[in-house]
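Those protein sequences? They're chains F and C, same order as listed.
Per our numbering, the first sequence starts with residue 1, numbered consecutively.
Per our numbering, the second sequence starts with residue 312, numbered consecutively.
Derived by calculation from the structure, the hints in this document are not laboratory data.
One thing to keep in mind: the hints can contain errors.
[Said to hold, decoys possible] To give a feel for the contact side, a few chain F residues facing chain C, derived at Cβ under 8 Å:
# : residue
1 : Ala169
2 : Asn210
3 : Asp254
[Claimed, not checked] So the derived label-pair ranges between C-beta atoms look like this:
# : chain 1 : residue 1 : chain 2 : residue 2 : range
4 : C       : Glu509    : F       : Gln193    : 43 to 53 Å
5 : F       : Pro155    : C       : Glu431    : 52 to 62 Å
6 : C       : Lys583    : F       : Ala201    : 40 to 50 Å
7 : F       : Gln20     : C       : Ala508    : 52 to 62 Å
Note that the Cβ used here is the ideal one computed from N, Cα and C, for glycine as well.
There are 2 protein chains.
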Amino acid sequence: MPIDILISEVGPRDGLQSVQATMPTADKRAWIDALHGAGLREIEVGSFVPARHLPQMADVAEVVRHSLGKPGLTVMALAPNLRGAAAAIAAGVHKVTLPVSASEAHSLANVRQTRAEMVEVVREVVRLRDAQAPQVRIEVGLSTAFGCTLQGPVPDDDVVRLAAALAAAGVDEIGLSDTTGMANPAQVRRLFQRVRAEIGARTGSAHLHNTRGLGLANCLAAYDVGVRIFDSSHGGLGGCPYAPGASGNVVTEDLVFLFESMGVATGVDLDKLIRARALLQAGLPGEPLYGMTPDAGLPKGFVYARDRADR
Amino acid sequence: MPIDILISEVGPRDGLQSVQATMPTADKRAWIDALHGAGLREIEVGSFVPARHLPQMADVAEVVRHSLGKPGLTVMALAPNLRGAAAAIAAGVHKVTLPVSASEAHSLANVRQTRAEMVEVVREVVRLRDAQAPQVRIEVGLSTAFGCTLQGPVPDDDVVRLAAALAAAGVDEIGLSDTTGMANPAQVRRLFQRVRAEIGARTGSAHLHNTRGLGLANCLAAYDVGVRIFDSSHGGLGGCPYAPGASGNVVTEDLVFLFESMGVATGVDLDKLIRARALLQAGLPGEPLYGMTPDAGLPKGFVYARDRADR
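Could you build the full structure based on these sequences and the hints that come with them?
Okay, here's the thing in structure tokens:
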């Protein structure tokens, strides 16, 4: 079944990394199975970081191995550096994603490296990929692309220049992340248009947060200017640097409803996706989940994009 | 200070009407004072309905009287019929708003009148206004314009035809309401464009709900096609036909943040608006409030539209 946009599910990585509890491996497997069963075609299943830093991800290689068997699924993992990328490639992932901060202050605070140094790291990862596993795709998510809690506004020019440098380094997809929930629709349109003008088809996903409630409005804005890959998190898990009750990541369930109701096919079955929340909850008892569509249910007369008469 | 859009605050009517508790009159006054103090220029302060049906609104005439004194404030009240409109006009409101269902099924279930009969009611209200108080503006909010829980989809043609009939009847502003939270951005753009093509400058406010999380995305869509009046509710109070936790009305705080962050001036001070939540809460102890911006706070480097260098 053809889709109009790709939803890249980040819950098993971004979400699980953000919560205190560690989800048991068996629960991760069952949850990922349900996400794939609901029609998601790309899942970021974990992060290749030392287990002493992030015990939630100690089983990442095993989770990758389990996920690789699923038909039509792109298995992605995050790697913060060359070592992590090498481990991800060795584990057999289809796609490695590396975060690079658009804000120099955030880069230094977060990974103790400048942006220029991070571009070099990415270049090494691309070389490794070229030598060992040319079929693996390399993605970079430009974090703090829309603003930074340390330095405040991030100049558009910085983002565009960094995207160009990463494209020149051989990165396949360069996405923009609203790490801090500071993006607005006018900015999303402007920045994605500028990045696309610079790097064309290497323009990647919109990773937008719902920190101040603008998550779906920003996704709509990105869609309006041609973005066709969207990151989101099942149950809105993760991505939240603030108080309880303040969700971070865009909620996959609501994102699917947004697009399907507009007639934009996602390939995702909302009923199955909503039922899969029980598996997420079983693996993380007591963890708050977000999303409005699961509470409200599908409206009377709802028709999936693929089933529309005008399609 | 000039504004780019008008936010029409519906909390004291739509919000208070939807909760079980009755807010004491003194608390209503203090809350409305704070909303006006935060820069809101139009407030729907109550509903002229029999107190035996809606005890929350028994003091509406007194609340109108109190509100009329505030500089620059348009005082609006809802009236379900001619009798209510007469009482609202007698109380001195600047604007009367009447709900008319776009769905015949909803109209019959809700007010036991057909849509055609409701157009006649509105015509009588316009006559009364013309005779007694020509300065009063008459608004109609077309409820269920984007879909109905009883009949499902509502044809665009029905909405356009009804808007034309109401314009011909002399209504000043005809808005579209997503009573049931079924609207999507593609539909919002299409329907507002069609209505504007039919009735031009009489096209009124977008009253959109956040039932399935699409509230702000739908507001953005309406703004994109020229809508410049938006209904919303302080703290997201009211408008929710579903379970607890499922918010109904678009939250004024988040709506202001959406537009101000885009560089669209609302005239509203977000810090004052957020502080005003304490007054709302004082008058309705224990009532859940919604909104993400109040929890997250304003981002570092936030600049109001009016203060932007490029303005």
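Evaluated hints:
For the restraint placing alanine 169 of chain F at the interface with chain C, the shortest Cβ-Cβ distance is roughly 30 Å, beyond the 8 Å limit, so the hint is violated. Contact between asparagine 210 of chain F and chain C, as hinted, is supported at the beta carbon level, the nearest pair being about 7 Å apart and thus within 8 Å. At about 4 Å, the closest approach between the beta carbon of aspartate 254 of chain F and any beta carbon in chain C falls short of 8 Å, and the interface hint on this residue holds. A hinted range of 43 to 53 Å for the beta carbons of glutamate 509 of chain C and glutamine 193 of chain F is inconsistent with their spacing of about 33 Å.
In this structure, proline 155 of chain F and glutamate 431 of chain C meet the distance hint of 52 to 62 Å, their C-beta atoms being roughly 59 Å apart. Checked against the hint of 40 to 50 Å, the C-beta distance between lysine 583 of chain C and alanine 201 of chain F comes to roughly 46 Å, which is consistent with it. For the hinted restraint 52 to 62 Å between glutamine 20 of chain F and alanine 508 of chain C, the CB-CB distance of approximately 54 Å keeps it satisfied.
In summary, the numbered hints that this structure violates are 1 and 4.
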